[in-house]
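Chains as they are written, first to last, in the numbering used here: chain A, 92 to 501; chain B, 92 to 501.
Accuracy of the hints is not assured; some may be wrong.
One copy or two, it doesn't matter: identical chains are merged, so the pair holds either way.
[Stated by the list, open to error] Derived pair list, reagent style DSSO-like, types lysine-lysine, alpha-carbon separation capped at 27 Å:
1) 205 to 215
2) 282 to 109
3) 256 to 363
4) 282 to 452
5) 201 to 215
6) 499 to 326
7) 182 to 201
8) 410 to 363
9) 109 to 136
10) 182 to 109
11) 350 to 282
12) 369 to 326
13) 499 to 410
14) 458 to 391
15) 326 to 282
Simulated from the structure, these hints should not be mistaken for laboratory data.
2 protein chains.
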Amino acid sequence: MAIVVQKFGGTSVADAEKIRRAAARAAEAHNQGNQVVVVASARGKQTDQLVADALELNPNPPRREMDMLLSTGEQQTVSLIAMALDQMGRKAISFTGSQIRMLTDDTHSKARIKSIGTDRIRKKLDAGHIVIVAGFQGMDENGNITTLGRGGSDTSAVALAAVLKADVCEIYTDIDGIYTTDPRIFPAAAKMDHISYDEMLELASLGAGIMHSRAIEFGKKFDVKIHVRSSMEDKPGTLISQEMPEMEGILVSGATMQKNLAKIGLIGVDNKPGNAAKIFAHLAGARVIVNDIIQVEISKEKANMSFTVAKSDLADAQKAIDEIKEQVHCQSVFVRDDIAEISVVGVGMRSHYGVANTMFKALAEGKINIDSITTSEIRISCIVDQEQGESALVAVCEAFDLDKPAEKRS
Amino acid sequence: MAIVVQKFGGTSVADAEKIRRAAARAAEAHNQGNQVVVVASARGKQTDQLVADALELNPNPPRREMDMLLSTGEQQTVSLIAMALDQMGRKAISFTGSQIRMLTDDTHSKARIKSIGTDRIRKKLDAGHIVIVAGFQGMDENGNITTLGRGGSDTSAVALAAVLKADVCEIYTDIDGIYTTDPRIFPAAAKMDHISYDEMLELASLGAGIMHSRAIEFGKKFDVKIHVRSSMEDKPGTLISQEMPEMEGILVSGATMQKNLAKIGLIGVDNKPGNAAKIFAHLAGARVIVNDIIQVEISKEKANMSFTVAKSDLADAQKAIDEIKEQVHCQSVFVRDDIAEISVVGVGMRSHYGVANTMFKALAEGKINIDSITTSEIRISCIVDQEQGESALVAVCEAFDLDKPAEKRS
C-alpha cells in the first residue's frame, strides 16, 4: 500500500476551519487507498506568542528550555487534527517527536536528525489509522526535547517520508507551487511543474524561501519526491525530484533576487598559500556564514578577495576581519551593504553555452552595472546596486522567457 | 539536605509577573539550603482556551488526544519558570511528566499514578539545579501522555514529595490557608494553623475545594506534610499532617456547606437482605457517585431509603433507579433538588459528647428545619432547605466559635 506524507505549515492550520480542511485532505488521501502520515507545524502565530512570552521573562532564554516551550505548539496542532479526523469518523492518532523516537543530536534550537523510529507509526498505519506527527521537534538521547530550527517541519516531513519509503511527501502551503521567480516583482512568473533538487537548492538558498534547504537536501539524499502544493485548492503544484533527462533542455528554470546581503572586500592580501584558509577559518570561528567568494590575483605578491554575507552577520564578519587583517597583511578593507544579488538557475546550463551571455546582455540593455559575478555548475549570480535589483530581475526574467511554461521557451 | 516540593497552581503562574514571583519563591527556598522541586500547573485560563479549541473541532474529543492537547499547558509553564530562574542566575531544568517517568495507568483524563522515577530529578538536584516538573500529567506504559484529572497538579506534587521523601510539600494558592468555613458566607471565619488529613478529606470532599481529595489521600498514605499557603504573601498558611494528640481537644475544626446536591428517596422498598446492594450496584454501574445513604425500617416488610448525589449525576441516578425500582418493589420515588448539606468536621468529636446536640440546637434556634442527618466518626451532616443554607452555616459556625483560633474556643 502506498504511503503518503502530508505536511501542513502554520498558516495551513491557523484556525479550526483550516485544521478541518487539513484533516479532510488527509481523509481524502486515505480514501484513495493510501496510508497517510500527517506532519504539522504550530498554529499560525502561536510560536511568535510563545517566543514573546519567553523573552518577557528572559532576554536570552536557555535553548533547552526554549525547545521545551516551542515544541508545545506542534503538539497542540497534532492533537487537534486527530480530534478533527475523529469527528469525521476516522481513526487517527497523534504523536510528539519524542513518542516516535525522532532522535536528534543535542544542539538545541537547531538539532540534526540522527534516526527515526517507524515501528509505532507502521503499526498504527496498518491498523487503519491516520498518523499525525508533530513536526519541527525531536529528542536527544537523554530524552530532552529538541527542535530542528527554521523550516524544521519540512525536514521532519521529508525525513519521515524517507524512512517510511513514502511514495510522495506533499508540502501544503499558501501558494500553489514554485514559480520561476518572485511574482511580486515579476507578476508574469510561470508556475513550474517540475524542478530538480539541485535547482531547488540553489533557489532556496538564494532566498526563494518556500522550503528550507535542509529539507531539500534530505529529499535529494534519500530520493523523496516532494510535491509543493496549495492547501486551499486541489490542483497539482510543483514536483521536486531527481533530475530527469528532459530537464536538460531547459536552460534556466528560475531566477531570484537576494537583498539582505553585504559584501566585504579585502584589498592587497598577501598572495600566498594558506591565507584564504586562515581568513575563512577565522570567519567560521566567529559563526559567520560566508556566501560567494571571489579572489583575484593582482600581482605575484598580492591578491584582492571579496565575499558576501547576510546583512545580519555583517557586524560579526567585520569584527572577525579586523582581528585577522594584519596577519594576512591586508592593505585595506571595504564594505558594501547596498547590493542585491540576481541569480539564474538551471541544470540545462551545464550542457548549453550562452546562458551567461544572455544574462549579461539583458543587464547591459537595462543599463544595470554588474559589480561582480560568481557561478556554480547550475547557477550564475551577479551583484548589482540594490536600487537596481528589481529592474535587473525583471530584465533577466524577460530575457529567459520566465513568464512561459518551460516547454514553450525559446 | 532537606527537599522541599513547591506547587504553583494556575492562578499563581498566570502571567510573567507571577511566574517571576513563583521562581523567586523557589530561589529563596534554595538559598535556605534546601533542594527544591517545583510542580506547576497550566497558566491561568490556558486550559479553558485549549478545551474551547478542542470542542470547536469535536464536541466529544477522544480522551487520549485531549490529554495530548492539555498537557502542553503545564509544559509551557515549567519551561517559562526555568527561564525565569535562569534569568535570576539560577541553575534550573524543566521536565514533562513523561521525562521523569511519571508512570500512570491508561485511563486518559483521570489516570492514576503507578510509579515515579526519581533518578533524573535527584541527579539534577544534587548538581545544584532547581527542578521544575509539569504537574497534572504522566504517561502510560506505552508512552502515551495521560492526565490526572481535576486537582491533578496537587496530586503530582504530593506524590513527588512522597517518592523524594521531601520534608514538606508546599501548595501555593491565592488564599493564605484553610479557613474554618467559607469566608464568603461567614466572614469572621478563622484561619487554621493545623488540620489532620482525615479532617481535610472530609472538608475537601464536602466542597471546600481548596485541595483535591486524591492529593490529600496520597499525603495521608505516605505521610507527606502539606503546607497550604499564599503565593502573594510570605507568611505561614495551614499545615495538613497526621493527627496529633493536641487536635483531640478541638471539637470542631471546620464547617462546610454543599449546595449542588440532590436527594433521591425510595419509599417502601422490600426490607430484605441484598436489596440495598442491588440498588447501589446498579447506581455504580451507571457511574453515579452516591454520597450519604440513609435507610430506615418502616415495618418488618418495608424500608425507606434515601441518598444524595451531585446534581450533575441526578438524571443518570433517576434513570438507574427507574430501571431497578420494580425489582426491589419500591412503592414510590421522590426527588429533592432544593437542598443544602451543612457539615461540621473535627477529630475531637470522636472522644467528646455533645457536638451533635450543639449543632441541632443552633439550627433549631435559627428556625431551620432538618430534613435528615448523617454522621461519620469525625463528621455530622444535616440536610436543610437550600434557601436556608447560608443562615444554617452561619448559625453552626457561631455555635462552635469558628471565628476564633482553635485554642481560644470554649
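These are the hints, each one checked on the structure:
Taking the shortest Cα distances, residue 205 and residue 215 sit within 27 Å of each other both inside one copy (23 Å) and across copies (26 Å). Taking the shortest Cα distances, residue 282 and residue 109 sit within 27 Å of each other inside one copy (24 Å), while across copies they are farther apart (52 Å). In this assembly of identical chains, residue 256 and residue 363 lie within 27 Å of each other by CA distance neither inside one copy nor across copies; the values are 50 Å within and 68 Å between. Taking identical chains as interchangeable, the C-alpha atoms of residue 282 and residue 452 lie at most 27 Å apart only when both belong to the same chain, with a minimum of 25 Å there against 88 Å between chains.
For a Cα distance limit of 27 Å, the shortest separation of residue 201 from residue 215 across copies, 24 Å, qualifies, whereas the shortest one inside one copy, 29 Å, does not. For the identical chains of this complex, residue 499 and residue 326 are intra-copy neighbours only, at 21 Å inside a copy versus 81 Å across copies, given an alpha-carbon limit of 27 Å. In this homomeric assembly, residue 182 and residue 201 come within 27 Å of each other (Cα to Cα) only across copies, at 22 Å, whereas the closest approach inside a single copy is 33 Å. When the C-alpha separation of residue 410 and residue 363 is checked against a cutoff of 27 Å, the pair qualifies only within one copy, where the shortest distance is 23 Å, while the shortest distance between copies is 94 Å.
Taking the shortest Cα distances, residue 109 and residue 136 sit within 27 Å of each other both inside one copy (14 Å) and across copies (24 Å). Proximity of residue 182 and residue 109 under a CA criterion of 27 Å is satisfied intra-copy only: 19 Å inside one chain copy versus 41 Å between copies. Taking the closest pair of Cα atoms, residue 350 and residue 282 come within 27 Å of each other only inside a single copy of the chain (23 Å); across copies the shortest separation is 67 Å, beyond that limit. Taking identical chains as interchangeable, the C-alpha atoms of residue 369 and residue 326 are never at most 27 Å apart, the minima being 51 Å within one chain and 63 Å between chains.
Neither within a single protomer nor between protomers do residue 499 and residue 410 lie at most 27 Å apart by alpha-carbon distance, with minima of 50 Å and 74 Å respectively. Neither within a single protomer nor between protomers do residue 458 and residue 391 lie at most 27 Å apart by alpha-carbon distance, with minima of 34 Å and 114 Å respectively. In this homomeric assembly, residue 326 and residue 282 come within 27 Å of each other (Cα to Cα) only inside a single copy, at 12 Å, whereas the closest approach across copies is 68 Å.
Checked against the numbered hints given earlier, this structure breaks hints 3, 12, 13, 14; the rest are met.
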